[in-house]
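One line per chain: the protein sequences are A and B, in this order.
Anchor point for the first sequence: position 101 equals 106 in my numbering, and the numbering is continuous, going up by one each time.
Anchor point for the second sequence: position 129 equals 234 in my numbering, and the numbering is continuous, going up by one each time.
It is worth saying that the hints were derived from the structure and are not from the lab.
Given the structure is predicted, the values throughout are model-derived calculations rather than measurements.
Watch out, some of these pointers could steer you wrong.
[To be verified] What follows is a set of in silico ranges between Cβ atoms, one per label pair, in the way DEER data are often shown:
#1 B:Ala-150 - A:Arg-313: 40 to 50 Å
#2 A:Arg-43 - B:Arg-175: 50 to 60 Å
#3 A:Val-307 - B:Pro-213: 44 to 54 Å
#4 B:Asp-138 - A:Gly-377: 28 to 38 Å
#5 B:Ala-423 - A:Glu-292: 48 to 58 Å
Each residue gets a CB set at the ideal place from its N, CA and C atoms; glycine is no exception.
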Amino acid sequence: MRYLPHTEADIRRLLGAVGAPSLDALFSSIPEPLRLSRPLELPPAADERALLGELSALAEKNLRVPPERVFLGAGAYPHHVPVAVDQLLLRSEFYTAYTPYQPELAQGTLQAIFEFQTFVCLLTGLPVANASMYDGATACAEAALLALRLRRGRKKIVVSRALHPAWRATMRTYLAATGSEIVEVPYDGRTGRTDGAALAAAADARTALVLVGSPNYFGVVEDVREAAAAARQAGALLAVGVAEALSLGLLAPPGELGADLAVGEFGSFGGAVSFGGPGVGFFAAREEHLRQIPGRLCGETVDAEGRRAYVLTLATREQHIRRASATSNICTNHALGALAATIHLGLLGKSGLRSLALLNYRRARYARQRIGRARFSGPVFNEFVIEADAAVAARARAAGFVAGLPLGRDYPELSGALLTCVTELHEKTAIDALAKVL
Amino acid sequence: MKPFPDTSPGASGLALREGLLFGRGSPGRRGTDLPAAGVPEAEPAAELPAELLRAEIDGLPELSEPEVVRHFVRLSQWNYAIDSGPYPLGSCTMKYNPKSAEAAARLPGFAAAHPLLPEEDCQGALALGFALERALCEITGLAAATLQPAAGAHGELCGMLMVRAYHVARGNPRKKVLVPDSAHGTNPATATLAGYQAVEIASGPDGVVTPAAIAGALDEDVAALMLTNPNTLGIFERNVREIATLLHEKGALLYNDGANLNALAGVARPGDMGVDVMHINLHKTFGTPHGGGGPGSGPVAVALPLVPFLPVPTIRRAGDGFALDFDRPQSIGRLRTFWGNFGMWVRAYALLREWGPDGLRRAAQLAVLNANYLRQLLSPAYHLPYSAPTLHEVVFSDKLQKAHGVSALDVAKRLIDHGFHPPTIYFPLVVSGALMLEPTETESPETVEALAAALLAIAAEAAEDPAALHAAPTRTLVRRVDEVRAARKPVLRWHPKPR
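Here chain A stands alone, though its shape is the one from the complex (with noise of 0.2 Å):
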């Protein structure tokens, strides 16, 4: 086994050293009875060769639709990966490190740290953020905690139902413990927009938490000032989800717009879709939440010679510190997918974001109108409803598409609805072939 250096020699001379008669010896404060008799029911090993094979045969059985035919997002942006990105992140000093607890040895991770806590700062224009969270669902749990903490005795949180359903159940999940209510707010049947009027008679003096997510899950960009001023007339922290941080872009962000939190999912940069995970999750606060903010921070400092350098920071919030009495549980974060993003951003810069952005939009606008069939008159980022039932959607799948996703499963009444999903990668021809299938 090419990992494992140790000849029959080598363990020899060890198992010698250390006074044991064989390797069985070294596990004899393990009780017999509670030790292993047999072999494990494993398949047989697999030489690399084989390996590859196996998994390529696994791999291609995904592919049945090439990806630029597959019009899918909800949570999920499929975008093109720079090589640079990739082979950057293919070094070992990257990848193979751990969490940079020694900032002498660790330097180049904390400060890409730093970088990505900065472009997360700079596109959602609010002042501090975090090292990462696993994803966007996990934020939103985040930021609703944080809330439950900042607006003690309030139990309420008001989030839209045109927030990414996943979202919205794993916050249910993350909250089962804590006695909050969950208020769900509908969204307008005509734009696909959060009904503000709903929303404000919801958030009251008993609400900790107003969640937005914009652009929210059918692809509508949210008119976010309104949220705000029903949370801040209720006293009520606002938080926007976003799901697709590549339309940050392109529209105002959400700190100019009144938000206190902004929490999603940053994986559209640098990272493959990869079946839903990883991605990577981002938090951003505002200055006066910096001590109640989960999972790790990274801050510039100076060493013993007055140089400057990084270093994790404010750990008495983190459970290796606090313990019982965390802000967060988490440890392990998604510290590789914010690098990827890191670069990306670094790619992309200052003209390549807007026109990323803005090559999205064009292409999903002229999708929409294309295609028709539009199912809210809302005005959209990347993806958006059309109305197209089980029967349509299996037509364009026998044409070799995956139109969108079917809605039914977490919106019954948009049961006959797909939401589809146009980046960069769907050329016009692609588009205009889907169009006339559908």
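Based on the hints, put chain B in the right spot on chain A.
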């Protein structure tokens, strides 16, 4: 003794200066080429009010691809990594990350597979998930598994919410969770998040939890015990079965923190010890990379009584293939946006397939052999607070060095000068000045010997020249950093210059 023995890999090198990405470059320069839209160039301002739009973002870099690549290569060169040298961090299981696994995760059919593909179009991904679940069940001796949790702590939350759901289904969620004093901080933090009061249990004099301590704390309000086995001292909790019986008699459950599964895989199974639920860190035992802090993957395996509470969706057999099952009325619900850190499933599965059952068992054996060898080599110079047999990791203390005013931190920082990553220090909390070492199975005997030689040289230096240790590290890009300043006046981002 020379301060740096010839076996120490540390030598001088050339590290290049590199500033932050921001505010750099030249207007209009960029590191990506984009295709023409090929469609009408609609302007967002035509349908969105100006207040909901933004212009280009001040401060974003304006750099070409070569400049950006050079930036990140320079940063990478400031890091230590498992591919540069051993990483003996106790309880972190920093083993070699197979390159074949990286290639496997990048296969287009895996990397580009959308999670919401129709089930018939993603059978390869579902089949791999199902096979990995079955393998983890066989390795842990438990009935079913979920691959959803993103990391160990997420797995703990998943497991403890299942414990809660189990008790709720029996009419009472209960109030307390027992956590030994040697546990990771995530255990009490998770207990709190799951709505329980964490009650600390003192380890016995030989480093393990005693049935008497559990019996003394156990009542009808206890929902579960969270036990790490082997524990963070690298010692097997030999009373585990008796403790499980005590818990079960009171209707409580046994949660096993699987952070240290690397000592047991193929040798013994938690499910055979009375464990009801556990998480497994794929980024420890199954060699997926730590990525500078993540992503990991923290599958949870459970005994039969907890199966109804698994998070949705589960992967089930459907005819000749597989399907996602959302229809599970007793489930704790959703844990995240999609189905798990699939990229990590692929890597872990790849290593499992390369190991086979014999390689897996051999890995555990060699991990334990290496830890015992390291213990043997270091025992003359470092204080060993617990003499119980060592499994995959060994914990020393700085007691002998303290006599010269040298702390565990000094030892750790000096080890950096020798070219090694330090061990875990000041954990577990039950050992004052702990130095916790886990070499893992992928280090050769020669490497273990070189690491030991460095630590022995440091012990000698502690007696002869303690000031040199206080000043360490001296050969790194930066010296010890001012953590107090970082926390007192936090600077957590770069700011654009005001116009």
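Self-check item: Indices of hints not satisfied (ascending)
Solution: Failing hints: none at all.
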